[in-house]
Structure formats: structure tokens, C-alpha cells
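Number of protein chains: 4
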Amino acid sequence: MSRPRAREAGVRFGDVPIGSKNAITDVEGVKVGHCTLRKGDGKLIQGEGPVRTGVTVILPHGDDLYSRPVKGTYFALNGCGGLTGALQVEEFGKIDSVIGLTNTMGMASVAEGIVKYTLERNPLAGIEHDTVIPVVSECDDSYLNDARGLHVRPEHVFEAIAAAGDNVSEGAVGAGTGMVCYDFKGGIGTSSRKVEVQGEEYSIGIIVLSNHGEREELTIDGVHVGKLLDASNPHRKENGSIVTVIATDAPLDARQLRRIAKRAGMGLALTGSCARNGSGDIMIAFSTANVHDRYPEKRFVLTDNLLVDNEMSALFRATVDCTAEAIVNSLFKGETVRGRDDNTVPGLPIDETLQLLKAHGRL
Amino acid sequence: MSRPRAREAGVRFGDVPIGSKNAITDVEGVKVGHCTLRKGDGKLIQGEGPVRTGVTVILPHGDDLYSRPVKGTYFALNGCGGLTGALQVEEFGKIDSVIGLTNTMGMASVAEGIVKYTLERNPLAGIEHDTVIPVVSECDDSYLNDARGLHVRPEHVFEAIAAAGDNVSEGAVGAGTGMVCYDFKGGIGTSSRKVEVQGEEYSIGIIVLSNHGEREELTIDGVHVGKLLDASNPHRKENGSIVTVIATDAPLDARQLRRIAKRAGMGLALTGSCARNGSGDIMIAFSTANVHDRYPEKRFVLTDNLLVDNEMSALFRATVDCTAEAIVNSLFKGETVRGRDDNTVPGLPIDETLQLLKAHGRL
Amino acid sequence: MSRPRAREAGVRFGDVPIGSKNAITDVEGVKVGHCTLRKGDGKLIQGEGPVRTGVTVILPHGDDLYSRPVKGTYFALNGCGGLTGALQVEEFGKIDSVIGLTNTMGMASVAEGIVKYTLERNPLAGIEHDTVIPVVSECDDSYLNDARGLHVRPEHVFEAIAAAGDNVSEGAVGAGTGMVCYDFKGGIGTSSRKVEVQGEEYSIGIIVLSNHGEREELTIDGVHVGKLLDASNPHRKENGSIVTVIATDAPLDARQLRRIAKRAGMGLALTGSCARNGSGDIMIAFSTANVHDRYPEKRFVLTDNLLVDNEMSALFRATVDCTAEAIVNSLFKGETVRGRDDNTVPGLPIDETLQLLKAHGRL
Amino acid sequence: MSRPRAREAGVRFGDVPIGSKNAITDVEGVKVGHCTLRKGDGKLIQGEGPVRTGVTVILPHGDDLYSRPVKGTYFALNGCGGLTGALQVEEFGKIDSVIGLTNTMGMASVAEGIVKYTLERNPLAGIEHDTVIPVVSECDDSYLNDARGLHVRPEHVFEAIAAAGDNVSEGAVGAGTGMVCYDFKGGIGTSSRKVEVQGEEYSIGIIVLSNHGEREELTIDGVHVGKLLDASNPHRKENGSIVTVIATDAPLDARQLRRIAKRAGMGLALTGSCARNGSGDIMIAFSTANVHDRYPEKRFVLTDNLLVDNEMSALFRATVDCTAEAIVNSLFKGETVRGRDDNTVPGLPIDETLQLLKAHGRL
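One line per chain: the protein sequences are A, B, C and D, in this order. Sequential numbering of the first sequence, starting at -14, is according to the numbering used here. Sequential numbering of the second sequence, starting at -14, is according to the numbering used here. Sequential numbering of the third sequence, starting at -14, is according to the numbering used here. Sequential numbering of the fourth sequence, starting at -14, is according to the numbering used here.
Be a bit skeptical, because a hint or two may be false.
The list makes no distinction among identical chains, and a pair is therefore deemed to hold if it is satisfied within one copy or across any two copies.
Taking lysine-lysine pairs in the DSS-like style, the calculated list, with each CA pair at most 27 Å apart, reads [what the hints assert, rightly or not]:
1) Lys179 to Lys222
2) Lys24 to Lys101
3) Lys343 to Lys28
4) Lys28 to Lys222
5) Lys212 to Lys343
6) Lys24 to Lys343
7) Lys283 to Lys222
8) Lys179 to Lys283
9) Lys24 to Lys222
10) Lys28 to Lys101
11) Lys179 to Lys16
12) Lys222 to Lys212
13) Lys179 to Lys212
14) Lys222 to Lys101
FYI, nobody ran anything at the bench for these hints, they're computed from the structure.
Okay, chain A solo, but in the shape it has when bound (with noise of 0.2 Å):
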């Protein structure tokens, strides 16, 4: 018997409509793969197990990322954790890699492959060409997982991108198999939005990290259910973190990119979350308008057809609304995962969660 996603069982989050998957993978040319590793039980031996662990990567078009680099940008609300070529990012307003996501000390591993995975595809990179700087953010999946184990390696980069595709697999599977989200099981999570702007539709597409927030936080669509569940769900002593990428065909550059980024917190807030301490709250943006070649031909000023910001709002809405989902869809979508040395973290109760919201007047 499967989880309804939170939409499919009656959650609403706005007005805005939805795209065709309610998938990141809306946006025209985005795919996402999952590696998922998952293997062992009970007591934790470093080194052997038990593995709840894995590699998610956004791939944001079909092309080479290299050599066709999209506009993109990264807002740390907080910024405890990591997120490699993040400064190259932002010198250029670029992305020019897949974007890898996996557990924090795996961060390594999934750089390396997305390095191999590149310099495969460009063989000038290296030599003639630039050096390969990728993009990987992560959150900590150690209370699941046997993190100090190491067991995230480049070739599982690979295996991900091989598997990528438009159906995007949530809860807990890929870099989510071992997340935790205000202490049920979380993970992955994705959502989308239809948004017209003075007659043109654009899409944004979020997928989600989900690893952060404690109960007592969790908030859907205004009810705080996590205060009136009567789970037992354990505590996790240290609060994880949220990995927040957000896809739009909409034609904006980095700066642009970047407010949009920012609306995203926005969105994390509505489910709860008070961004604490030890949660690295990452948001990664791209848009897919306005590619060019990274060694243009002959041509040396290129032309942007950039949205004027007058009419982003829109797309305000939208990404708020939309980050809020995808959350909620990684809690609707994570099943009870048991881990290293027995820890447990229960998926959210789907029943008594849509009872609460209906006697808050909601559905």
C-alpha cells in the first residue's frame, strides 16, 4: 500500500497550479537520478554498515552542464553546511555541473564522480580547457546511516545519472534514503508550478533534501500538526539541514535567480522550520532560458532576454508555495526506516496527520 503524495490525499499549498508530474522534472529538460544504498542491519560496525545512504543528481538539461553551462546562483539562509563551487557559482552566475546531492562526508566521493563524469564527456577539459569545478551540497544522514563508513563513491555518480529521468522517486530514496525531517522520516520531496506571466507560462520545479526541523515544529498548511500528533517518534539531538533546488524556464539571470532563492526560505518557514542552528539551509536556483555555449564560436557579447523584475512576484508565490510542498511531500512520501544501531524514524502517520487538518478546517 503506497503513500499518497500530499496533494493526492487533499493538502493544499495555495493557489498557484501545479505541472503536469508535480515534479522539479516539469521544467522542460530537467531529470533527476537516484543511487540508493541500503544494505545491513542493527549495530553500527564503521566501515561495513549499517548503509542508509545515497547520490541524488539534478541534471539541469540534456546537454553537456560543462560546456553548456545554465544561470544559476545559491542563497544560504544558513549556512551550516556544504555546497562545493559555490564561489564560482556566484563569480559567474553560472552552473556548469550536474548538481549532486549525497551525505555530508560523501560530499567528496560525489564531487569526484561528477569530476570523472565530466572530464569523460570533454575531452579538452584539463587540458586545453577549464578545469572542472563541480557543484554537490548535502545534509547529514548519520543517524540512519554509518556515515563515518565512507560508503558514497564516485562510481555511484554514475549510477545515478544513468538513472535519471522525468519520474522523480520521493521520500526515502537516492541522497534521501537516511534524511530525517522534524523527526519523521523525510528525504526527498518535489513539487511544481504553472506560472503565467502577462500571458507567457513559465514553470518552477523544486526538489528537496529534506533533514531538518523537529517535531514540535512541523506545520501543514497552517495546522501545527507536529505539536498534535500524538507520535512517540524519537528526538534526534542535533538538528539537520535542508538542500533546496529550484528549476525555472523562466528567463532570469543570477541576481534574479538569487531573489527567487531567497522565497524558497520563505516556503521552509510555512512548513515550520525556524532555520535552527545546526540546519544548513542551502537553496540552489537555475534557469534553463538563456543558454550559451561556455567557448562561443566567434561571438563575444551574448544576447539575455531576461524577465523584468516588475513582473517576478508571480514567481514568488509560486516558489514559496512550491518548496512548502515538496517538503510536505517528502514527509507524505517517507516511510518508517530503521538504521544504525536500531535508530527508527517513523513516516509521518498519514491518517491522523489529514485528521488534524480536517478538524482545522481544512480539505
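For this one, chain A is given, so just place chains B, C and D on it according to the hints.
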């Protein structure tokens, strides 16, 4: 018949206890003063009125700010607004002036007023000692006010400072006189929290100058009040801003205060905002702890006692909730104002609002 | 007997060719105007004088800036100074006002002057359209000027704008009237470069308001002139600032202009500065390319033609050299000024300086 | 016959006295270790060589960095480069890992090496305590090195740490093995200063990984050596980067260290750089004062003794000069290296350089 504050009417904003006045002045030493400018009615005659504007000052402590700066910082969730002194605040992590709030094009007058006020108290400033760079921020009240008339003058700063005290009037007073919040009358609102951190009690106090949002967005304690209210209030064409000033006696430096300031944006989100394009959503934060002389006599290494970051989450929680409460207070206390060209902004209908909250399981 | 500009005297600043006027006005459309305030002598009587101050305005193009903003940004190498409008410039990547320079505590007056000037030209501003947030920066001229007297008034902005043209007076004029640079008379200096990028020629023009440094630091074309000069000039107790305004017709957006602005700090370094603590070293940069209407009629996606970053190095080189030349021009053109309390700042002794350069293999 | 350091050859870099070793290790407790990888000659065979690369580690103190972080920060003059851990460094104002330098695509391996090294020393990390986010930066050595071969491996971090000590080899060692500076052989260079501030003596030590610039730009003590040298060295097509690590025992927090880091860019300018587009010019700065435990036992408010900003100018001066000297040291000590595809980068011709300096009134 006076309008109640939100909490008096039973609205809840989280579980953190409030201070005795539930105002920014619960932070020891902080004072707030208003100078309200209200003159004329009917059709706009530039330079004559109608005038619906004013000045609000926040005094971080009882001493002179220039000679005894407080640790301080700012964060621009959306930088569509003005904040004089921003660069110096960031460079030195201090606020060394009275903080002034007013309408956008009144900033110059308020800045000049603070300069004059500071010069009077510091005879060496601008001769042997540093010149004065004031800290002033703003929202746009031109929907109700003859903004082009530039009615705010430097002397109004002196009046606001003379009126400063512990009791903070809310709603359409001071800088808030002509402000509009979610298409209802907004302006000044305040709230406070007492936070226990490892046996020590710290205060956080927040004051907002609310002038942002569209009615449909307004959310109170998770209930989408704005959509549900049967209100016929007019919709402003462009969306204003919100300035949030956060005071605390928790021993935090500028880096940590910036972390606090970012969380105020999450409280703003709880009231429904998505930080629309034209909304200058600016947070200013200061701590009254670790205050040193500007020119310490023969001391070149000074001691700061600073809270460890690991203990900041309780302050973050308090900031989020307290910001939301201050905003809703600005609405609860905002009485209907008719202003420029008979533009009229209604006060939030409190009874209907409370009924909606009740119908959704609140109160 | 007029003092020569540095290049007229044979001093070299790199190999990039200069524009026809070797001034910021070599960038098509840019104009500069000064209003110089000079009154009284001898002992300081606050409010009476001596007055040694003024206003300098930079007009990025011939149209109204509010209705036709230019791409722009700023960078604070050292944020010990004031820059009104900074948040909005950063948020939107544009400068939408005349740029005003003056003394520190004259900022409010210049801001008000620009507001009034802009309102006159934009009858809908502050009613149907946005209010006005001007861009004003400053240095502290209190060593020579009765700074506490607040002698700069809004009308001086109008005078400076009325006087604006292509010919840029340098030295002790406009905002530079009372400024001190490396303990010599500084103030206004300008320079320009013509940069060829892949067959296209772009102009960069720079104007400085120089008020920074200690004599011992002064370096010209690598020669430590300040240490070697047998000068007996007095040493100011605290170190002033430098504002650098960079104009270009190269098609750059705010992100790229920020890269340019950072390089101006490297040019500052070539003249010997280490950006001392009290020196507000602020760079403002704008491009006259890709100018759009503030309220474009029925167009919501606008086209920018932007230089690729890979081709920016030549502009960086030009910026570094041109900044250094502008600073040295402010010294070469700065005649001795006696001011407040008979404080006297000597002009750089040009003959001795040139002899030192010659003795070190220059000229 | 060993090449002299710049100062041994009589070159001067300002008047601030140097430390006993004129190295970053003059800051008490700081250690530096190299692991140099050099293998093969001639034509590139990817994965085999030629190998001209390595790892350099900077240990801010003798304790474990994870459990005893130092105050730290970074500044990207030009963010065209990689710096893992950047977000966390900025959020908390601390550096809590060994600092690793290597070639661009070796970053992942060095990051993994630091993770492993840290886990070994901290048995609770990644279980009860925080996971590890290392601080690694890089330059691109692909002109001389088989960069695509990914020859740097995690164990090289252990070797570099094992080799760490007070004596800092310069030139083509460690991470500097394959680096190129102003088209001459660069790599590792170091220098230090002793700064007296109001009777207290503080040390500043700097180490650079120099890989930037074009020959024509090279300037030493103000003399345009690069233009004047009769050198026939080849010109790299793209311009590398420079990483500058600044250590001090002056009691500074992250905000103040960022001020220091910015001044290193001014020292870079003195050697002729304009921070070309492709040059990742990254500064990392830390202070060994005010070190606290990561998990202080039952203490929640910690004491920092911090230098007042008003006294920082002497440190700024020292930073500028010291950076320039460290860069020139990397050139003076850089011997000719032949590498990948017989690409050859000559060492700076020292005799000719000194003659040029003498001819321009130096030495």
C-alpha cells in the same frame, strides 16, 4: 472603543513566553518614540497635503549611540528599499546612531535630524572625531500621504526622540501613519519574547513598520484570513515594504545578529508574505550586550562575552514567532485611515477575523 | 600657472590608450558637474565657516535616470562610509538616480536635492509610480571644512547639475574642495581608457573623490614618492576615504560591473593605499549599455547584450590603471588649500615628484 | 646553487619588520606540510603523467582543528575557483579543519583525506557529534601536470600532514609543484610581519599558492620587471589563480579577518595583477587567538578579547606588503619545471631581475 492587540484577542504565536509589555521596549534600555504628522483631507495638493506620515525612532539604549555604539547588523530579504548607513553597519558590525524610520522620501530629513541631534551631544564629532552617518530606513506611504510634499523635516526627529519611552503606540502612528499592510491599515506593531538559554533569560523585542502584501496573502496563525474575509478594501497598485527592527540583550555579535535578522523573514512568511518584488523587506538587528565606548581610553583590546552559536536556536524560534506577532499587532491596532485623494484603507475587521480563526480550530 | 595633469607631466599608468579627454566623460553621454562652496577663513565658527566643501554630480546619461536607469552596482573595499541607495542598487543591479558626491554630513542634503530634482522631472513618481531613492556617497572633509555647519544644501545639487558637462575640473572643486589625499591636497581626479575587445572598442572612465592615505604611503608608478619627498605637510589624525565612480559603455550587467568595481581597489593599491581602517573605500560602477525604461510599455522580457566574462580581463587591466591615474590626477591638480582653523594642506610638490620619478628610471 | 628568497637578494617590501623565519610559521603554532608528486616526462598519457602536482596543508595550531576551531573567514577577490567549506566558514566565522591546497580536480581527494584524518582523531564525529566539512582550495596546474589523471589521492593529505613543520619550502613543492606565476615558475611562497599595536606585538604570516598573471604584468617593488625582462618564456593560454592563506595571532574575529583578507588583494595588485577573468583569487584568513572548544563543557557564553577596529591599519599595511613578498618569494624560489607535453616554465631570471631593480633605483 479601542482595538485589542492580537494576543489580547486570543491569537497565539508559538509557545515562547512574552515580555511584560510584549513590546520591543521589554529589552532593557530600548525606547521608542513617534512623531505623527496628520494634516488635511481630500484631494492632493502637493506640498499641502493630505499629510499622513511621520517619524519613528528606536533608541537602543539610554546613552548616546554615537559614543556608545551597539553591536548591530542588517539583512535585506528584499533590498527594494532604503537604509542609510548600511555599509558602515556591515563593516564594523555596529549601529552608532538612533535608528530612524519614516517614509521613503523623508529619509533625507530624518538623516539630517539624526545628524543634528548627534552633533549637539558630541561636540568633537566632525572636528577631532568621526563624522556622523545615521541609520534610517523607510516604507512608501504615498497611497495615503502627499509623499511628494516632503512633509517630514529634521525637527520631527527631535520630537520623536523627545517622546521616546517604554510604551509603544501601534498602528497608524509615527512612521506608520500612512502605511498599508495586506491592503489593510498597518504601520507600527511590536512584540517581545523571553527566551531561556541554559538557565539564562534573554529578551528579544521586535518592532515593525508594516507596509507590505496583498489581502489575499494575509495569514494569521496559519489561517488564510485574507482570502476568507468578506472585505471590499481597495487594492494598492504596487506593494509596499516592511522594516523590522530586532532588539535583544542576548550577547550576540553582528555575525550572529545577522542570523537572527534572517529568521525575521521566516516570521514574515508566516503572515503570508512572499516578499513581493516591490517590497523592501529589510531587517535591522542589534544587541545591547557588549557595548563599548567608541573611543575607549587607552584600551585597545576589548572583551566580548558571546553566546555560542549552538545555543541560538531558541532565539531563532522566538524571532520567527515574535516577528509574526508584531506584524499582526500592526494590523489589529491599525484603524481605518482616509488620506490622499480620499484613498481609504480600512482597519482589519477584527471580529470577522476572530470568527475565522475560531472556525479553523484556533482561539 | 596651472598645475599639469599627471600624464601631461609624463607620468605613465600602463599601456592601455586613454580617451580623448582622459576623463570619465569620454564614456559617451556621461557628464560631471561641480558646485564648489568656499567661504571664510581662519578660526572655526560652527555654521559660519570656514567653508571648504561642495557637491559633485555624475550623470550617467543625458536622459532622466529615474525613468531610464543604467545597469550598476557598488563594492565596498572598506565600508567605513556612506552610500545611500546601496540596497536597491544591489537588489536590482541598477542605478536610477543622479550620483551625488559630497561631504559626509552633507549626504542628507544632497539626497534631498536629488529627490527634488527627480520629482520635478517625474510627475507620477511618488503617486502612481515608485518613490525616489537617490544614490549619494561621501568623504569627510572636516580637516579643512566646517563640517558641523552643514553648509551643503539641496539647491547645491541643482547648481551642480546645471553646471554638468564634458569638461571635468579636478582637484579642489565640488565635493573635492576640502579633501586630503596622502596628506596632500586631493579631491576630484579623473581618467579614461579605450579598450579593444575582439575588434570592438569600449570606453572606461573613472572619477575619484580622493581623501585617503598617509604621506608615507604615496606611490606613483611604483616609486615611493611619499617617503622620499622632503615635505613638511601636517598629518591628519584620522584617515579619510575614497569614492571611485566607474563608467563604461561596455555591455556589462551588475554582476560583471561588480567585478570591475573590485579591480578599482587594485588601482588604489598601486598608489600606496592599504585601505586604512577609517577609510571608506567605496566603488560605484555603471554601464551605459542595455538601458531600458523603468516602465517599459507592454514589454515584460527585455533584451540585454552582454560581453562574455572570458573577455573581461582587458577591462580589468584598464580599470586598475585608470583608477591609479585618476587618483594621481587629483593630487597633481590639487592646489594648496588653507581652511578650518588655518589647517593647511599643501598641493603635491610636482617638480620634486617628477625628479623622484626620473631618478628612479621613470619619465 | 640554491635560489635566494627575494629579501635575501635585497628586494624590499615596505618597512614593517619580518618574523624570524619570514614565513607563515612565524605565527605561533602554525605549521605547513607539503606532499610533492612528480613523476614521468614528455607526452601526456592521461592517468600516467607527467605528474607535476601535490598537496600543501596549513595547520593553524597544534591541536585538532575540528575540536578546537580557529576564528576564520575568506574573501573571493575573484571567485573563479574552488573553496570547499566556504558556506560554513562564513556562517560561523570559524575554520574547523586542516586547510588543504592542491590542484583543481584534486580537491575531492584532499577533501576526503581531511575527512578521514579528522574522523580518526574524533571518534564521535559523524555519530554523536557533527560531521566533517573540510576547507580545501586550489589552483589549476594543467599546463605542467596531467590534471585529468587525478593523481592526488587522499593518502597524500596524510603525508603532507606528517611532513608539517616550521620550515616552509617554497617554489615548486606541494600544491605548488605545477603552478605558474606571471608565466614564470611560481607555486608556494611565504612571508611574515611583526606588527606593533599600542605596545603589543602581533604576527601576521602569509602563504600563497601562486598560479596567476601574465609576464607583462609582473611588477616587483614598483618596477615593471615583466615588461623589461628579455625573457622568451611561453605564454599560457588561460590565466591561473592564486590562493592566499593569512595567519595571525592578533585577536580578530571573522568580520575583522575578512577586512584583512581584502587587503591581501591589494598586495596582489602590487605585484602587477589585475585579477584576470580566469584567475580564482581567493584569500583565507584565520586568527589563532580566542580559540574555544567546539563543544565547550557547560559553558554557553564564551569570552573573546578582540582588537578594536581603530587599531587595525598597521595590520592592513603589513598584510599588503607581506602578500606581495610571499608572491615574489614564490617566483624567486621557483626553479624551471618541464612538464606535461614538454611544456616548460622557466624560473624567474634572478640576476636580470635584480639588475632591473638596481637600474630603477632599488636595492
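Hint-by-hint comparison with the structure:
1. Lys179 to Lys222: Answer is between; shortest inter-copy Cα gap is 23 Å, intra-copy 39 Å.
2. Lys24 to Lys101: both (26 Å within a copy, 21 Å between copies)
3. Lys343 to Lys28: Result: close neither inside a copy nor across copies, 41 Å intra and 49 Å inter.
4. Lys28 to Lys222: Answer is within; shortest intra-copy Cα gap is 19 Å, inter-copy 55 Å.
5. Lys212 to Lys343: both (16 Å within a copy, 18 Å between copies)
6. Lys24 to Lys343: Neither, since 39 Å and 49 Å both go past 27 Å.
7. Lys283 to Lys222: between (57 Å within a copy, 16 Å between copies)
8. Lys179 to Lys283: between (37 Å within a copy, 21 Å between copies)
9. Lys24 to Lys222: within (24 Å within a copy, 48 Å between copies)
10. Lys28 to Lys101: between (34 Å within a copy, 21 Å between copies)
11. Lys179 to Lys16: within (18 Å within a copy, 46 Å between copies)
12. Lys222 to Lys212: within (18 Å within a copy, 39 Å between copies)
13. Lys179 to Lys212: between (33 Å within a copy, 21 Å between copies)
14. Lys222 to Lys101: Only across copies: Lys222 and Lys101 sit 23 Å apart there, 37 Å inside one copy, limit 27 Å.
Consistency with the previously given hints fails for numbers 3 and 6, ordered from lowest to highest.
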